Each structure stands twice: as structure tokens, then as C-alpha cells.
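Chemist: Taken in sequence, the protein lines are chains G and R. The numbers in the first sequence follow the working numbering, run straight up by one, and end at 504. The numbers in the second sequence follow the working numbering, run straight up by one, and end at 504.
One thing to keep in mind: the hints can contain errors.
Because identical chains cannot be distinguished in the list, a pair is counted as satisfied if it fits within a single copy or across any two copies.
[Stated by the list, open to error] Simulated pairs of lysine-lysine, DSS-like, Cα-Cα distance not exceeding 30 Å:
1. 371 with 74
2. 246 with 438
3. 371 with 73
4. 74 with 246
5. 100 with 434
6. 315 with 74
7. 246 with 190
8. 100 with 130
9. 490 with 190
10. 246 with 138
11. 150 with 130
12. 215 with 311
13. 371 with 246
14. 100 with 490
15. 434 with 490
16. 150 with 100
17. 73 with 315
Read the hints as simulated data drawn from the structure, not as lab findings. The model shown is predicted, which means the values in this text are computed figures rather than measured ones.
Take a look at the letters that make up each chain.
There are 2 protein chains.
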Amino acid sequence: MYQRKHGQIEMKHLLKFGTLLLTILFPLVLLAEEGGHGSPYASDFLAIAFLLVGAMTGSFIAKKLGQPRVLGELLIGILIGSAFYYSGDKVAFSIRHQIEIDHVLSAVDLTQPWESEIDKEVAQLDIKPEVAERLSEVLKSSDYEETYLHSKYALLFSSIGVLLLLFMVGLEVRIEDMLKLGRVSFSVAFLGVLFPFLLGYLITKILMPETDDNTAIFIGATLAATSIGITARVFKDANILHLKEAQLVLGAAVIDDILGLVLLAIVTGIVTTGSLEFYSVAVIMAKAVAFLGVIYLLEVKFLRKIINGFSFIAGRKTFLYFPFVLLMVLSYVADAIGLASIVGAFCAGLILREAYFDDIKLEHQSIEDLISPIEGVFAPVFFVMMGFQVDAGAFTDWRVLSLGLLITVVAIIGKMAAGFFIGKGYNKWLVGVGLIPRGEVGLIFASIGKSIGVLNDHLFAVIIVVVILTTLVTPPALTKIIQNMDTDIKPEEA
Amino acid sequence: MYQRKHGQIEMKHLLKFGTLLLTILFPLVLLAEEGGHGSPYASDFLAIAFLLVGAMTGSFIAKKLGQPRVLGELLIGILIGSAFYYSGDKVAFSIRHQIEIDHVLSAVDLTQPWESEIDKEVAQLDIKPEVAERLSEVLKSSDYEETYLHSKYALLFSSIGVLLLLFMVGLEVRIEDMLKLGRVSFSVAFLGVLFPFLLGYLITKILMPETDDNTAIFIGATLAATSIGITARVFKDANILHLKEAQLVLGAAVIDDILGLVLLAIVTGIVTTGSLEFYSVAVIMAKAVAFLGVIYLLEVKFLRKIINGFSFIAGRKTFLYFPFVLLMVLSYVADAIGLASIVGAFCAGLILREAYFDDIKLEHQSIEDLISPIEGVFAPVFFVMMGFQVDAGAFTDWRVLSLGLLITVVAIIGKMAAGFFIGKGYNKWLVGVGLIPRGEVGLIFASIGKSIGVLNDHLFAVIIVVVILTTLVTPPALTKIIQNMDTDIKPEEA
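Given the sequences, and given the hints that come with them, work out the whole structure.
Modeler: This is the structure in C-alpha cells:
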């Protein structure tokens with residue numbers, strides 16, 4: 011019924027829609043001016059709507075071209091982001107240069123004149139002159155607080171989006187299945203960290219023999235990171251979260267995050283103090299293991315009782331509130347012990363079972379039903395914003411691009427190799443490719459490397475190219491692999 | 011089934027719940043320190059969870075005491091807010107003094123040293139010495155950007171909450187029913203602005219004969235404002251949005267917002283320029299009427315076509331995305347022309363009909379089903395945050411309190427009188443009491459009055475008392491009236 015009716019909706023509707031939207035809403039927007047109530051958030055409401063429509067459009071075009079939806083969202087994000095960035099939009103500039111802005115703002119001496127402090131701190135950054143000039147201009151303008159706030163709001167929405175996405179992914183995976191695959195996951199994660207690390211170190215030494223050891227080590231460490239958001243989204247869209255390969259990749263990504271944290275501590279320790287501090291590394295590992303231990307204990311021992319207690323206060327709303335509160339609390343705790351907050355969000359989904367709510371929920375209700383609308387609104391914003399932050403300018407420097415391409419190849423081979431060492435009975439391609447995206451975790455590594463001085467501006471740009479390419483290459487590659495698989499996979503919903 | 015099972019959940023569960031939560035989560039939180047990924051939003055995730063649990067608890071206690079849930083949320087907000095505020099929490103301080111902070115930040119001269127500028131600007135504010143001292147301290151501390159951001163995020167969540175609430179209320183009301191009541195709504199709104207305005211002017215002149223005319227006029231205008239959030243929530247909780255009285259109150263509130271806008275322009279014009287600027291008043295009225303006209307035109311002529319066009323791109327997700335996008339866009343537009351953004355949100359709900367989505371949506375799905383989980387999470391945050399911002403200290407000054415009480419009585423009589431002039435067949439009490447809360451609209455009026463110098467600190471504190479009292483008195487009063495009504499009202503859900 012839906013299919014038939016939908017067929018009748020044609021291009022002319024699209025044109026009509028656009029024309030109507032412009033003729034009706036545009037005059038209203040023109041009427042706008044300062045006045046009356048003046049909610050400080052009004053323009054952010056419009057921004058959410060705009061990002062959602064952008065996500066829809068990108069997703070629609072990608073689908074028409076037979077590509078995964080998430081690729082369309084990322085690309086439309088790059089498009090919108092670049093358009094705003096190069097047209098001089100201050101908020102877009104602030105979003106893309108948040109690391110530099112936060113650095114400058116935390117460094118200014120408030121006893122001195124603001125403007126000269128900004129100039130001084132910006133001058134100390136290792137960035138292009140034209141970027142430095144724009145940065146000074148933005149931070150010295152009288153409305154910089156507002157610019158700063160709007161950029162932070164957009165990033166806040168996108169952060170909530172990726173938390174909800176990973177939570178939903180966690181909901182669809184059963185913890186026993188994850189644990190059954192524990193040993194395999196661990197070896198995939200371990201090799202998936204080891205290979206890219208070694209290969210990254212070697213390629214840096216080979217391509218740039220003059221580079222010092224610390225820099226090569228840091229590039230290796232950056233390549234070891236896995237960013238699970240992209241892969242999780244593709245698996246979810248393709249309805250294959252029930253496959254053991256999907257669960258293997260998710261499990262490996264969680265362990266990767268812990269290994270990455272340990273690696274970062276080791277590498278940062280070596281770079282900054284010149285020696286390996288066993289104590290701090292042990293503390294980090296202990297915390298991460300304790301986190302997973304507590305999560306597991308929660309699941310087997312306490313969760314049902316906690317939910318019963320919670321329902322005493324929240325009544326039937328427990329079914330909405332408890333998952334949401336658990337999601338937010340575990341995301342916070344994961345972040346607080348140094349893990350990615352999305353690991354906490356994933357674990358929150360993983361340990362929740364519908365059965366725990368049997369006494370409370372209405373029939374035919376599921377946690378997915380309640381949380382998926384919230385996720386549906388916020389998650390696309392994450393992927394558009396991820397594209398929004400991509401510096402398309404990184405591709406215009408030939409030296410950066412070529413070095414980036416070579417390192418990307420190494421980064422891909424490293425993760426795929428990890429997939430090829432698992433035993434029989436798995437689709438090695440799906441596992442290996444699933445681990446490829448470096449995403450925001452790679453960016454965080456790179457920005458730490460920049461801040462402790464082992465990555466210069468050039469190498470930082472190279473890492474950005476690697477992050478972009480590994481992120482963009484994964485969705486189509488995964489989709490191809492999934493299409494070629496011999497399983498009973500439900501097709502993606504229209 | 012639910013009822014029976016729920017009866018078995020006893021106090022011991024609650025105690026167990028608390029103990030478990032503390033023993034399990036507390037050690038994890040203690041483990042927390044700076045490290046690893048460090049999402050800048052992690053503490054805000056925790057804050058959302060905290061506010062939700064606060065809302066739940068307040069709502070639970072209110073219910074047990076036979077009071078409306080929203081009163082519990084407001085009171086727990088006052089409790090939490092005061093606890094944080096008086097324990098020296100910077101974020102709580104920033105939330106409560108956002109008007110002053112925004113004022114100071116917009117006034118500092120960036121060519122001068124930040125600290126001395128802050129001191130200078132804070133000294134010019136008409137606030138208590140101890141507040142001024144704390145304000146300087148917060149703005150001069152090195153982490154003030156962070157404090158400022160966290161306070162803004164909390165307010166952002168609460169803004170989204172009230173938009174979603176009014177949208178949901180709009181969904182439950184049919185536009186034809188509203189229009190049928192148009193003339194009655196208009197006369198109620200008009201009298202509901204006129205009476206409090208005249209009474210407010212008179213009482214100020216009587217109680218403080220030395221006050222100049224402008225101040226008395228401004229106090230009158232402030233009393234004319236209606237804040238519909240509280241009443242809408244009580245009506246929604248009590249499932250009486252289908253009653254003609256509820257629709258009358260909602261319609262009157264929308265018109266009130268327009269009349270209030272016009273009144274504000276007139277009064278501000280008289281106070282600042284000494285004369286009435288007909289041109290600017292006419293422009294404001296034209297915009298507001300144009301807004302409602304366009305909304306109406308959208309509904310009768312274009313909405314179905316726009317939705318069809320939208321569905322060409324968004325497919326089945328239209329059913330989630332379109333209402334959300336419309337909500338955000340109309341909230342923005344309403345704000346942009348000077349109306350409250352919640353008026354836009356209400357109109358967005360009002361004009362949407364399930365029937366428009368017949369070709370797209372799945373069977374058994376409703377817009378309410380999809381949006382209500384999002385609303386369920388954000389709306390309680392609004393009411394807790396509303397309480398959070400209440401300055402309990404306003405009640406400790408005997409002179410402020412007594413004057414506030416007298417003006418509150420006048421404010422209540424003014425709105426109730428408007429209800430008593432409607433014809434037969436309506437529950438006059440329900441209408442009159444429904445219009446009593448002044449809420450954030452009254453606060454906005456008062457802060458404008460403060461900024462143009464007609465309200466001194468003392469009178470501003472008085473207005474705050476009036477806003478608090480009218481807000482707190484309404485939910486129990488409305489609930490009593492509803493309980494005494496002879497209609498087939500469905501009981502509130504547990």
C-alpha cells in the first residue's frame with residue numbers, strides 16, 4: 011500500500027515543495043528582527059531543522075545512487091560545512107576550529123586586555139596565517155560569546171546523537187553473544203591495534219626518514235584507534251546486528267577503545283617524560299577493566315532490582331526514563347574514567363533487557379519504540395556534523411594528500427590484516443573493513459599529539475586526510491560486502 | 011495487571027534501590043579524573059540524568075500528597091536550585107543570574123583588561139553586594155567559559171522541553187474548535203490584559219504614591235502577561251484538553267502573547283521616548299497577525315502538498331521528521347517576529363493532522379507516539395529548571411514579600427475577572443485560574459523594565475515574588491477545580 015502510493019509521488023512534488031517552502035517561509039524569515047521575547051536559542055532551533063533536512067537530503071540522494079545513507083549524510087555535511095566555512099560564517103568556523111578556540115580561551119590571561127591576549131595566543135598556534143587571522147577576528151568580535159555558544163550547541167546535539175545511536179545498537183545485541191565471542195574479539199582487537207601501530211611506525215620511518223622516533227610512534231598509535239560510529243550505523247541500517255561478525259566488530263571496538271587508551275598513556279608518557287610510567291598505565295587498565303566488570307555485575311545481579319526500585323518512584327514512565335538515565339550515567343562514567351562516552355552508551359544498551367520491565371511496561375511496547383524517535387532526530391545530526399567538520403581544504407595540498415593516501419592504505423591494511431587472522435566461519439572482509447574508520451577517536455589522538463608537540467601542522471593535516479578517507483571509504487565497502495553475503499538479511503527500509 | 015503488580019513494590023525496594031545506586035555508581039564516579047577522550051559534554055549528560063531523576067522524585071511526592079505533578083517538579087527544582095546556589099555552585103549561580111551575566115558580557119570593552127572590565131560592569135548593576143561579588147568572581151575565574159556553557163546547556167534543554175510540551179498540547183487541540191471559540195478567546199484575552207494592567211497601575215499608585223507614572227505603567231504591563239506552560243501542563247496531565255474551557259484558555263494565551271507584545275512596545279516607547287510611536291506598534295501588530303494568517307493558510311491550503319513533497323525525500327521518516335522540522339521552524343519564526351517561541355510550537359501542533367500522513371505512516375502509528383518520548387524526557391527538565399531559577403531568597407525580605415503578596419492578589423483578581431465576563435456555559439473558574447501564571451513571560455517583561463530603568467532592584471524582586479506565587483498557586487487550584495467539575499474526565503495516568 012505504501013509502495014504503490016509512494017510511486018505516485020514524483021519530481022513535480024519535489025519542485026512544488028521547494029517553491030512552496032520558499033514562498034511561504036521566506037517572507038516570514040524576512041520579517042525577523044530583534045524584538046519581543048528573543049529566545050537565545052531560536053536560531054539553534056532553526057539550525058536543528060536545517061541539519062535534519064540536510065541529513066534527509068543527503069540520505070535520499072545516496073539511496074538513489076545505491077550508496078549507504080550515512081555516506082550521503084557525511085557528504086552533505088562536507089558540502090554544507092564548506093559552503094558556510096568559506097562564505098565566512100563565524101559559527102561554521104568555530105565548529106571546525108573548536109580545538110584551537112578552546113586552547114586559546116583557556117590560555118588567555120584575564121588580567122590583560124582581551125584583544126591583545128587573543129592576538130598573542132593565536133600567534134603561538136601552529137596554523138595557517140589566513141586561519142589565524144580569521145580566528146583572531148572571531149574571538150575579538152563583540153559577539154564571539156554568541157558564536158561560541160551556537161557552535162557548542164550544534165556539537166552538543168551531535169554528541170547526543172551518537173550516544174543514542176550506540177545505545178540503540180547495544181539494545182540489538184545480546185550480552186551473552188558478545189561474551190561468547192570474547193576471546194575472538196580480544197584477539198581481533200589486539201591485532202587490530204598492533205598491526206596498524208607497527209605499520210604506521212614503519213611507513214613514517216620509510217617515507218620520512220628524518221622524522222624522530224616519537225613522532226613515528228605517535229602516528230602509529232593514531233592509526234591504532236577505531237571509531238565505531240560509522241560501522242555501527244551501516245550495520246544497523248542493513249539490519250545485520252544479529253550476525254556474529256557484527257558482534258565481533260562491536261566487541262573488538264570496545265576492547266580497542268581500552269587498548270587505545272592504554273597505548274595513548276604509554277606513548278604520551280614516553281614522549282613527555284621520556285620513560286614508560288608503569289604505575290599510571292596500570293591505573294588506567296584497572297579502571298577500564300573495573301568499568302566493564304561493574305557493568306557485567308550490574309547486568310547479572312542488580313539491574314532488575316534497581317529497575318524495580320526506580321519504578322516505585324517513576325511508575326510506568328520507568329520504561330522511558332530508566333533507559334535514558336542509564337544511558338546518560340554510563341556515558342558520563344565511561345568518559346570520566348577516560349574511555350569514549352559512546353562505549354558507555356553502548357554498554358547501557360547492551361545490558362538492558364525488555365524482560366526487566368515486564369511488570370511495568372504496556373503490552374506491545376519496546377524500549378526501541380520509545381528511544382528510536384529521539385535517536386531518529388539526533389543521530390543524523392551527528393553524521394552531518396561529522397562531515398561539517400571535515401576540512402575539504404586538506405585535499406588541496408598535494409604533499410598532504412599523497413602522504414595521507416599512502417598512510418590511509420597502511421591504515422586499511424593494518425585493520426584488514428587483523429580480520430584475516432580470525433579462525434574459519436567468519437566473513438573476514440566484514441570484520442576487517444568494519445574496523446577501518448578512525449573517525450573522531452583518531453582526531454582526538456592527533457590533537458593530543460599536536461598539543462604535546464610531536465605532530466606538526468603538516469602531519470596533523472595528513473592525519474585528517476587519513477581520518478576522512480577511512481571514514482568515507484567504509485560505508486560503501488561494507489555495503490558491497492553485505493550485498494555479496496549469502497545470508498538472510500532483511501533489506502533496508504525505504 | 012499493572013496495578014496489582016505495582017502494589018507489591020514497597021518501600022524496601024526504594025531503600026534497596028538507593029543503597030545499590032550509591033554502592034555501585036559512587037565508586038565509579040570517584041574513579042573519575044581528567045583523561046583520555048574527555049568529551050566536553052560528559053557532565054551535561056550526567057546533569058540531564060540528574061534533572062530527570064529530580065523531576066521523577068518531585069512528581070512522585072506531589073502525587074502521593076494528592077497534588078499535581080508539575081507542582082512537585084517546580085518545588086524540587088526550587089529545592090535543588092537553592093541547595094546548589096547557596097552551596098556556592100558556579101553553574102547554578104550562572105543559571106539564576108543569566109540576565110546579569112549576559113548583560114555584563116555584552117558590555118565589556120575587549121580592548122581593556124578583562125578583569126577590570128568585569129569589575130566595572132558588575133559595579134554598574136543594581137544588585138546586592140554579595141551577589142555582585144559572586145558575579146565578579148564567577149566571570150573572572152579562569153573556567154568561566156565552562157561554567158557559562160554548562161548553564162546555557164541546561165537552559166537549552168529546558169527550552170526544547172517547553173517547545174515540545176506546547177507542540178503536544180497543540181496536537182491534541184483541533185484548529186476548528188479553536189476558531190469557533192475565536193471571539194470568546196479574544197474578549198477573554200483582551201479583558202485579561204486590560205484588568206491586570208489597570209489594577210496593577212492603580213495598586214502601585216495606591217501602595218507607593220511616590221512612584222512615578224512610568225513605573226506604575228510598567229508594573230501594570232508586567233501583570234498583563236500570561237505564561238501558558240504551567241496551565242497547558244496541568245490540562246494535559248488531567249486529560250482535559252478536549253474541553254472548550256481548555257481551548258479557550260489556550261486561544262486566549264496566544265492572543266495574550268500578541269497583545270502583550272503590543273503593550274510592551276507601547277509602554278517601552280512611552281518610557282524611553284516619552285511618546286507613543288504608532289508606526290512601530292502597527293508594524294508589530296501587522297507581523298503578529300501576518301504570522302497567524304500564514305499559519306492558517308498553511309493549514310487549509312498547502313500543508314498536505316508540502317508533506318507530500320517532503321515525503322518524496324524523507325520516505326517513511328516523514329512522519330517523524332516533518333512534525334519535528336515544522337515545530338523547530340515555526341518556533342524560530344514566532345521568536346523572530348517577536349512572539350514567544352512556544353506560540354510557534356503550539357501552532358505547529360495545532361495545524362498538523364494525522365490524515366495528512368495517511369499515505370506515508372504505518373498503521374497504528376500516531377504523531378503523539380513518536381514525539382511523546384522526546385517530550386517525556388525534555389519537558390520535565392523545563393519545570394525543574396523553572397524551579398531551579400527561583401530565588402528563594404526573595405521570600406526572606408519582609409517588605410518585598412508583603413508588597414509581592416498584595417500585587418499577587420491583584421494579579422490573580424485581574425485574570426479571574428476576565429474569566430467572569432464570558433457568557434454562560436463555561437466554567438468561569440477554570441478559565442480565570444488558567445490564565446493566572448505569569449512565568450517566564452512576566453520575567454522577560456520585568457527584566458526589560460529593569461534594563462530601561464523603570465524598575466529598581468526592589469520592585470524587580472517584588473515582580474519575582476508575583477511570578478513565583480502565581481506559578482505555584484495555579485496547579486493546585488486548577489486541579490481542585492477540575493476535580494469538582496461534572497464531566498467525564500479520564501483520571502491521570504499513574
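Chemist: Cα distance capped at 30 Å. Does residue 371 pair with residue 246 within a copy, between copies, both, or neither?
Modeler: So residue 371 and residue 246 pass the 30 Å test inside a copy (25 Å) and across (21 Å) alike.
Chemist: What label fits residue 100 with residue 434 when the C-alpha limit is 30 Å: within, between, both, or neither?
Modeler: neither (53 Å within a copy, 57 Å between copies)
Chemist: Cα distance capped at 30 Å. Does residue 150 pair with residue 100 within a copy, between copies, both, or neither?
Modeler: Answer is both; intra-copy 12 Å and inter-copy 25 Å each pass.
Chemist: Within a copy, between copies, both or neither: where do residue 246 and residue 438 come within 30 Å Cα-Cα?
Modeler: within (19 Å within a copy, 54 Å between copies)
Chemist: Should residue 246 paired with residue 190 be assigned to within, between, both, or neither, using CA atoms and 30 Å as the limit?
Modeler: within (21 Å within a copy, 48 Å between copies)
Chemist: If the cut is 30 Å between Cα atoms, do residue 150 and residue 130 qualify within a copy, between copies, both or neither?
Modeler: Answer is both: 12 Å inside a copy and 19 Å across each meet the 30 Å cutoff.
Chemist: Measure nothing new, just compare the shortest in-copy and cross-copy C-alpha distances for residue 246 and residue 138 to 30 Å and report within, between, both or neither.
Modeler: neither (40 Å within a copy, 56 Å between copies)
Chemist: Indicate which option fits the pair residue 100, residue 490 if close means a Cα-Cα distance not exceeding 30 Å: within, between, both or neither.
Modeler: Neither: 39 Å inside a chain and 52 Å across chains, both beyond 30 Å.
Chemist: What label fits residue 490 with residue 190 when the C-alpha limit is 30 Å: within, between, both, or neither?
Modeler: within (27 Å within a copy, 58 Å between copies)
Chemist: Cα distance capped at 30 Å. Does residue 315 pair with residue 74 within a copy, between copies, both, or neither?
Modeler: between (48 Å within a copy, 22 Å between copies)
Chemist: At most 30 Å between CA atoms: does that hold for residue 215 and residue 311 within a copy, between copies, both, or neither?
Modeler: The answer is neither: 51 Å in one copy and 68 Å across copies each exceed 30 Å.
Chemist: Indicate which option fits the pair residue 434, residue 490 if close means a Cα-Cα distance not exceeding 30 Å: within, between, both or neither.
Modeler: within (21 Å within a copy, 70 Å between copies)
Of the hints listed earlier, those the structure fails to meet are numbers 5, 10, 12, 14, in rising order.
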